[in-house]
Amino acid sequence: MDITIFGQQCVNGLVLGSTYGLIAVGYTMVYGIIGMINFAHGEIYMISAYLTAIFLALFTTVGIHSLPVVLLGVLVLTMLFTALYGWSVERIAYRPLRHSNRLAPLISAIGISLILQNYIRISQGARNQGVPPVLEGVFRLPPDSLDHRFVQITYLQSLIVVVALVSMAILTWIIQHTALGRACRATQQDRIMANLLGVNTDRIISTVFVMGAAMAAVAGFLVTLNYGSFDFYIGFLMGIKAFTAAVLGGIGSLPGAMLGGVVLGLAESFFAGFVNSDYKDVFAFSLLILFLIFRPSGFLGVPEVEKV
Amino acid sequence: MMGTDWRAAFRVGGVALLLFTPLTGLVLAGYQLEWHWQRPLWLAGGFGLGYGLLRLVWRRWLSGAHAFGQRAAAGSTTDPARHRPLWIGLALGVALLLPFFLDKYGINVATLALIYILLGLGLNIVVGLAGLLDLGFVAFYAVGAYTYAFGYHYFGLSFWLALPLGGLLAACFGMMLGFPVLRLHGDYLAIVTLGFGEIIRLILNNWVSLTGGPNGVSVVFPTFFGLEFNRRAKQGGVPLHEFLGIDYSANQRAVFLYLLLLAVVLVMVYVVVRLKRMPIGRAWEALRENEIACRSLGINHVTVKLSAFGLGALVGGMGGVFFAASQGFVNPTSFTFFESAHILAIVVLGGMGSTTGVVVAALLLTVVPEMLRDFADYRVLFVGVAMVLMMIWRPRGLRQRRRPVFQVEPSPQPAFVNPVKKRLRGPGGGHPPQWGFGGKAPNNPPNNRSDP
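Keeping their order, the protein sequence lines are chains L and H.
When we follow our numbering, the leftmost residue of the first sequence carries the number 248, and every step to the right adds one.
When we follow our numbering, the leftmost residue of the second sequence carries the number 598, and every step to the right adds one.
With the rest of the complex left out, here is chain L (with noise of 0.2 Å):
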């Protein structure tokens, strides 16, 4: 095996990897503390990639040039407004539910995601949409290669993988560090009791999806950047992936989240490159399905364990 080719594979593995961890963090925030799969979630990374390139457009329209003060511009307008969608999800399909039994919010958000996913549809149109390319050009390992045996990083792609560990560094430090993650975690161990000590848990959880929105937002932009396209559909099989990225990693579990995504993206990509690109999304799927069969709890969860 060509030991490039093996870093290349490392390397798109681990971009790949980044953006499920940073759409897996939603999902695993949000299980921890309500105990139900956001099932909306990939739409709302959908919705981001469409933001990011309605902003970046808005940008070029109104005459703003410089780069960086262009991606950081698009970048927080994207995370407050997918943040918004988050928080409306919520609002609509969970907080009306928050007593019903378990199945109703999981169909009610089945039922979000295909609003989300039509109302996309309706009001941009089906076909395939774009952005510009941004800040082109590559790293090259080792850099003075005259033959072709070289791992060819893009400056997006470290990019997002910086993007990613600073993102994931806040968010962590929000949540060991102050009040509100204080919060947060008393509300993930015991809902009444920390409402019976003066949390608004109505709000914590308002607040746990609007994080993981904005968290998606991190990942829809960069992913956006990256690749240049997407349509209305992305949103199904990006959720899945970092679904499994959440499971993997063990639900409830915000490091176990970045830790499953960058697995399932260097097994996802070692799968497409050595064995078969064509049944990559099916690897995955059963990957999933094992997983959750065979250990539930994935790395770095606790096991659940049933109350009578």
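Treat the hints as calculated values from the structure; they're not laboratory data.
Every residue, glycine too, gets a C-beta built ideally from N, C-alpha and C.
It is possible that some hints are incorrect.
[As the list claims (entries may be wrong)] Chain H regions said to be covered by chain L (calculated; three or more residues, Cβ under 8 Å):
| id | segment |
| --- | --- |
| 1 | 605 to 619 |
| 2 | 797 to 806 |
| 3 | 967 to 978 |
Following the hints, put chain H in place on chain L, whose structure we already have.
Just chain H, lined up with the frame of chain L:
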């Protein structure tokens, strides 16, 4: 209280404006933008106004809810089953005569509706009765359809053999999937079945040498005891119209399939209705309500769940065989996740476990979109909206079933009230305290009837 209503409506409108502005007001056209500034305004105005009106109506309804509840209770004492035979007979008559008054397109729509009824009945066993959320039901549908397609293509299997075989094979797949996922509950089960459905579709799509990939496989139309429905039968056979001595009509085969499907649907309805009354059906519903209690009472959850999975899959597989026969062709695009969601919507709108509900919802979700072709773009959107509204408004279905139950009223969980904020907000924030420390307590309410 009207002021708070309109303030809330204003807030909803504001949020809607923020939500809709970038995604409906700015439309991507290549790398450029098109401006549609009036669209978010209309949408936000509509949402705000609609929400405000809804709240007003809701409050009006709530104030009259007591009387309404009494009336409803009084109404429920009359036997709802009294007119049932009449309705069933009427519906049956219409269903039987329908194909003779429709054109070919109409019959095809009716056949599709029947297929969805069949699928809805199958999924209803799994989701509605047993409470196992299956998001990959389309996999069994695909197994059935492809059983017929492959059976015909590779082994020359006839429709009449493929129908039971497709059902049984799908049931085997259902059991195979069901066995390892028994331990999973609710959401996990949903994701596993979703993954399974996608795996089946991807394999059908990618294994081109076997399945023909996206090009699909063609299927032969069923025969009637060896008699064909064509104008001229091949290889010296006798076509049906000559055998019966009637004129040939292109509709005959569609009518035949419709009637056959109707018979199967009726049998399935009967089976499901009877099963619900049998111990196994009771066990499904009991397991849905409380698994731990059931297991401690000695119900074998493995058999109960597996039977639900297997039976649901069996029905789904038969639906698939009928689908293949009616289309004359199958390819993987018919078996996407949306199809699963559509069948789930039928079960949900029908009211989770209600057989009549499934039939009505399947008809509604198949026939109405065909009649409203102009709104085809909005079809799925409406399905989604209906799913959300149903869950919020009537999670147990439009038809509330009454059955003898012993129910302990759960104490409602108190909504969170921050005592500090409540006091700061003053009397407008809620009811004034009924009692206080040293305050004026209302010692005797005027209409205290328990007063001797």
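Mind checking, does the segment 797 to 806 of chain H have 3 or more residues with a CB under 8 Å from chain L?
Holds, because 3 residues of the segment 797 to 806 of chain H bring their Cβ atoms closer than 8 Å to Cβ atoms of chain L.
Test coverage of the segment 605 to 619 of chain H by chain L using CB-CB distances below 8 Å; three residues minimum.
holds (count 4)
Claimed coverage, the segment 967 to 978 of chain H by chain L - three or more beta carbons nearer than 8 Å
holds (count 4)
When the structure is compared with the earlier hints, no violation turns up for any of them.
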